[in-house]
Amino acid sequence: MRRIISVLLENEAGALSRVAGLFSARGYNIESLTVAPTDDPSLSRMTIVTRGTDNVIEQITKQLNKLVDVVKLIDLTEGQHIERELMLVKVVASGGEQREEVKRLVDIFRGRIIDVTDSTYTLEMTGNGDKVDAFLQSLAQVEVIEVVRSGVSGIGRGKRALSV
Amino acid sequence: MQLTGADIAIRCLQDEGIDFIFGYPGGAALHIYDALYKQDKVKHILVRHEQGATHAADGYARATGKPGVVLVTSGPGVTNTVTGIATAYMDSIPMVVLTAQVPSHLIGDDAFQEVDTVGITRPCVKHNFLVSDVTKLAETMKKAFYIASSGRPGPVVVDIPKDITAQVAEYHYPELVDMRSYQPRTRGHTRQISRGLDLLLGAKRPIIYTGGGVILGNAEAPLRKLVDMLNYPSTSTLMGLGAIPASNPNFLGMLGMHGTYESNMAMHDCDVMFAVGARFDDRVTGELSRFAPNARIIQIDIDPSSIGKNVSVEVPIVGDCDMVLSQMLEQLQGRLNEIDRSAIDQWWEQVNSWKSIDSLAYKTNDDSIVPQLVVERILEITEGEAYVTSDVGQHQMWAAQYYTFEKPRRWINSGGLGTMGFGLPAALGVQLAFPEETVICITGDASIQMCIQELSTCLQYGLPVKIINLNNQYMGMVRQWQEFFYDRRYSHSYMDALPDFVKLTESYGHVGMRVDKPKDLNETLEEAFALKDRLVFVDVITDPMVNVYPMIAAGKGHHEMELAPGQEEVQERELA
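The listed protein sequences derive, respectively, from chains A and B.
Mapped onto our numbering, the consecutive letters of the first sequence carry residue numbers 1 to 164.
Mapped onto our numbering, the consecutive letters of the second sequence carry residue numbers 1001 to 1576.
Bound conformation, chain A alone (with noise of 0.2 angstroms):
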């Protein structure tokens, strides 16, 4: 099962090496990991996609929880959540017709171009990994030169919140 868990975490040097670490200390899976300061600056957020039975992630939220840095976490697909993921593409774009093509798939998908060339474009999109995954597979005629994805946050649908 694919699961989405968000941590706040103490702002402290050294934090994301400690969860970093317990993932490969332990053999779990890590299929995504961002993390950022939060509106209090004491505290990180860091969403974690990851992979496992129900026993795994079990014993990956107590292991998260026994960390002395972290506060607070929540499996977010254990409710209703929205999950966002930013990718950032640079492909070939030099021909008319091409440019044209780019343009229509980028609107289909509700992205933007954020960088023109004479020879490429930037693109921006975000979506849930599905969206991001599917936006990707579309580009399949054009020549991608760069792919940068920010990994997936998430947040709960709702009242429901993960805070101090």
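Rather than coming from a laboratory, the hints here were simulated on the basis of the structure.
Just so you know, these numbers come straight off a predicted model, no measurement behind them.
Keeping only pairs whose Cα atoms sit at most 20 angstroms apart, straight-line, the calculated PhoX-like set for lysine-lysine is:
hint, chain 1, residue 1, chain 2, residue 2
1, B, 1142, B, 1066
2, A, 66, B, 1309
3, A, 62, B, 1309
4, B, 1143, A, 66
5, B, 1043, B, 1066
On the provided structure of chain A, position chain B as indicated by the hints.
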């Protein structure tokens, strides 16, 4: 009061009530050593190798329950402590390790004697800190002691750059620290406790399985009361020995790979298992798919991640063993009539028939000393009152099997990490804590050589440890496995070119003795233990080919335990 960082570090130790610090000086630690020199409240014990410092602090902590404290310099000083820190981490021992670091402005420059201490120790500490501001030093020290000693205890490293130890700040040692991210739970959930009791009291074939958590949590009093009230068969892990007195009629001895037959069979056949402060380690469970197939499990542990990690648990109770067992006892008094006594009596009949096989029986002879006998003789001479440390291997198992512990914190060994070299420095720490008590290090010819340099420390501080070297000229446990599983190909398990341990001991200024005839064993041991104020190293030349029995081989279940050769017939007769 304005103090330098070095003085602050030492004042914190004084205010924390620390009496001993085990350490070794070096460049980055010199300011701190200077601060130590100017006071006499905290006594520094100079070891001969930093690994020895960590094991000594660890032994001290296991015997007293108070955190052990270590002080080392940067770089190699730190890397030498890693084995000792990992040893303490695996057995959840409270320890604070102060490590000096190169000056802040040199960190990351590959400076002389620089290592990334926080990075190297991260996977084997409960937590660690790099102090970057002298005004935060006292608070960090308080946090270190609080984290090391509370919840599931463990080692905490405080890394202090040299410039911080020279800077000056106002000293204030906080009485308490409150950390939003660290709030260990102690009280058990009331409903879980009554659910646990429902299961326990309804059992027909129960077993109480206790571990190191009972010792760490000082929970022996409520545990003994509970065992006596229930009269259920009880067993213990290697780490939990002494919590239930070995002489208690409900106690079946140790369980696991080299546990007693009755303990393991009772574990396998039980219908309800009550695990208290035990973590279902692989040396305890054997092959998991064959583990206690009919058991419904109740587990108390202070660490939620220890529950349901290897084995699924029906009633988890998170909390401190002492607290939770006391809560249970409150409810138990009025509910004892729920026990199905006739079922329990029947169960005891079964357990007693397993017991009658006497799986720890062994044969002696007139020509060579068998190691089990040595441990039994020591038990008699010390009347079971000694503190016993061990290293790792066959001698460790024999010590655990034949030195029957009546009290907690008397049996001190590296169970989780299995660290050879632990025994002597640990004994040193125990002897410092209890100068009047008999402290024995039961060791082997391979293990003792891993931290033998601490004989020198014992001389310096006048520590009359008794070292019993079960010398079979092999790495016994390795040899045993090679005999069983590698067709007797004894690859590098032979200890060729052993030193003359008697001369070695004498050159360190202690008393050395050697015994190789069974008829001389008693006399030699008595002579050794009579030298109350001297360290005595007794080199006991034993039969080299003796194996540890009984044994659960890798991949086997509890019920597939192998008995010593010749005992199968007893088994067939008794169980027929």
